[in-house]
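Number of protein chains: 2
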Amino acid sequence: MIKSDLAPRLDYQYSLEAVRLLMKETLLESDELILAMMQHLTLGAGKNLRAMLLLVSAMDEDGFVSQDAVIAGAAVEILHLATLVHDDIIDEAEIRRGNASLQRKFGKKEAVICGDYLFCVAIAMVAEISNRYPEKLKEFTQAMTKICLGELRQFKHNSDTDLSVLNYLKIIAGKTSALFSLAMYSGAIINGNSDKEARFMGRIGHNMGLAFQILDDCADYQSDVEVTKKSVKHDLAEEVITLPLIFAFLKKPELKQQIRKQQLSVVEINEIIAEVVNVGGVSMAHDVAEKYYLKTKKMIDTLPNQHQRLLMGQILGRIWKVEN
Amino acid sequence: MIKSDLAPRLDYQYSLEAVRLLMKETLLESDELILAMMQHLTLGAGKNLRAMLLLVSAMDEDGFVSQDAVIAGAAVEILHLATLVHDDIIDEAEIRRGNASLQRKFGKKEAVICGDYLFCVAIAMVAEISNRYPEKLKEFTQAMTKICLGELRQFKHNSDTDLSVLNYLKIIAGKTSALFSLAMYSGAIINGNSDKEARFMGRIGHNMGLAFQILDDCADYQSDVEVTKKSVKHDLAEEVITLPLIFAFLKKPELKQQIRKQQLSVVEINEIIAEVVNVGGVSMAHDVAEKYYLKTKKMIDTLPNQHQRLLMGQILGRIWKVEN
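Chains as they are written, first to last, in numbering that gives the first Met the number 0: chain A, 0 to 323; chain B, 0 to 323.
The hints are simulated quantities; they were obtained by calculation from the structure and are not laboratory data.
Heads up, some of the hints might be wrong.
Which copy? The list can't say, so a pair holds if one copy fits it or any two copies do.
[Unchecked claim] With a Cα cut of at most 27 Å, we get these calculated BS3-like pairs of lysine-lysine:
#  : residue 1 : residue 2
1  : K232      : K107
2  : K108      : K255
3  : K108      : K169
4  : K169      : K155
5  : K23       : K155
6  : K107      : K155
7  : K104      : K169
8  : K260      : K104
9  : K155      : K251
10 : K108      : K260
11 : K290      : K320
12 : K155      : K108
13 : K46       : K232
14 : K108      : K232
15 : K46       : K290
16 : K250      : K232
With these hints in hand, go ahead and build the complete structure from the sequences.
In structure tokens form, the structure reads like this:
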């Protein structure tokens, strides 16, 4: 751990760099037995969006954050990594962050253990600081439970062409918003905010997570499918039903028949993508994302801390621009 | 949760019953989405050995335990259950506690999520009481990490006919002793013991875990294999190398060739079992178990609390008798 080298208060850029270093060092100081998997995981860098949200939420009026925020930021990213490792087993994903997925490279069984190990590492980091925030640990476990249930809900609705908008929103509230919300809530608690203030931050994270995930699901329909040697990387290939498709079904119910076919070819997937765009599925989904984007922006604008308003606005803007 | 119905201090029998009820109620109050899996898990009752050890370790001089011990006892059993659910995926086990394993009945993917969910439930229970034991949460995460590494070590040494006695002991120290030790350590902390006293309890758990696992591994060689419709239930069929076999290899290295063959038939497995017994593999392994049994007994005999001496002695005696 690099904690001992850290100044007690850090500015945002340095704290984000510190999170990345702490994550990397924590993974690489693992037992030899699991080191090859940890090394593989450090190859692909994520955007660290969840850590960013936590750090900004933990920022004081002078724009600085504490060591605890760095540790919590790394914990939330490692927890996210744990969920990705297990998700890739469930989705049989081949690629993750530009490299072979862990389940592909090391096998499903080792990936199960690796995900469990990462959960333990994340909880160990939380344990390191949790005695300074008594009674708050249960927020962490509640968010983790929501993530599990979101993943299970998604799995159960795979190939379900009758998935409702409400159930879609429940899925993404679990699989994405729960962790965004936890990150922002925890940051505020570390910053010494009241529970009420922290819950408000949590709601910003919740709405931002919904906007992010809907935009991410739209992006899957905004270009031709990526074809790698081994697989087609698209929600349709993985039988995951998302908002653009749900809206397209409303406009053109015949599409359901095409989806129900097993093992869609690349040509068929590209045809369906074009159709989803043509009937307005993507643009309708986009409107929903915009609703959550605007809601989030409005909430951010009410924050009294100018550093938080500025940086959170930038993060939201980046999500909107990149995913848009 | 039944906590509100509990008296502040409970006697041993009632507290063990309370653990079982709390476990069952906690699993059955889960979200509808995951309820079928939880219901299936409540069908097969375990021995609750880890909860027993925790309760006895948490026992005061009058033989009573607190509500916190009941919650921690249920948490440690649910954590154990989480590891079993993921183990069964890794070992492709068909049967667990007399019923179909979760991975067999619901599929590997749902079982991954179910194990994660059970981890969350266990940690949520720990979170409920952890603020009364600041700084102790990390013992929990360290034990969890050891269990993951033990499982990984076992998986990596599957079919390894050159597995050393030392590496075998490392495997079982992780997969069995870590949780026995955690249970006894936590019980003592809940009982208000000093960290030094609690660590002594932890070491009793560690040694008892080793004796228990070696006896359990011997038992696999002390009867003919169980053959179910779907599979042969024996370590040999699952390519798990244990102490009786390691000792048999020392006496008769030619046995290694037989093991290396893929997909042993029932007849072949029974022949190898007979050979392992004949060359003294089981009896030598048994001697090692006895060494740990006697070491544990000696440590228990030094405990000043008579209720703990009596009950822990009974638990150890039961392990020795049942597994012997």
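Hint check:
no., hint, result
1, K232 with K107, "both (19 Å within a copy, 22 Å between copies)"
2, K108 with K255, "between (34 Å within a copy, 25 Å between copies)"
3, K108 with K169, "between (29 Å within a copy, 20 Å between copies)"
4, K169 with K155, "within (13 Å within a copy, 39 Å between copies)"
5, K23 with K155, "between (34 Å within a copy, 24 Å between copies)"
6, K107 with K155, "both (20 Å within a copy, 13 Å between copies)"
7, K104 with K169, "between (32 Å within a copy, 26 Å between copies)"
8, K260 with K104, "between (29 Å within a copy, 26 Å between copies)"
9, K155 with K251, "within (24 Å within a copy, 51 Å between copies)"
10, K108 with K260, "between (30 Å within a copy, 22 Å between copies)"
11, K290 with K320, "within (15 Å within a copy, 67 Å between copies)"
12, K155 with K108, "both (22 Å within a copy, 11 Å between copies)"
13, K46 with K232, "within (20 Å within a copy, 46 Å between copies)"
14, K108 with K232, "both (22 Å within a copy, 19 Å between copies)"
15, K46 with K290, "within (24 Å within a copy, 53 Å between copies)"
16, K250 with K232, "within (25 Å within a copy, 54 Å between copies)"
Every hint from the earlier list agrees with this structure, and none is contradicted.
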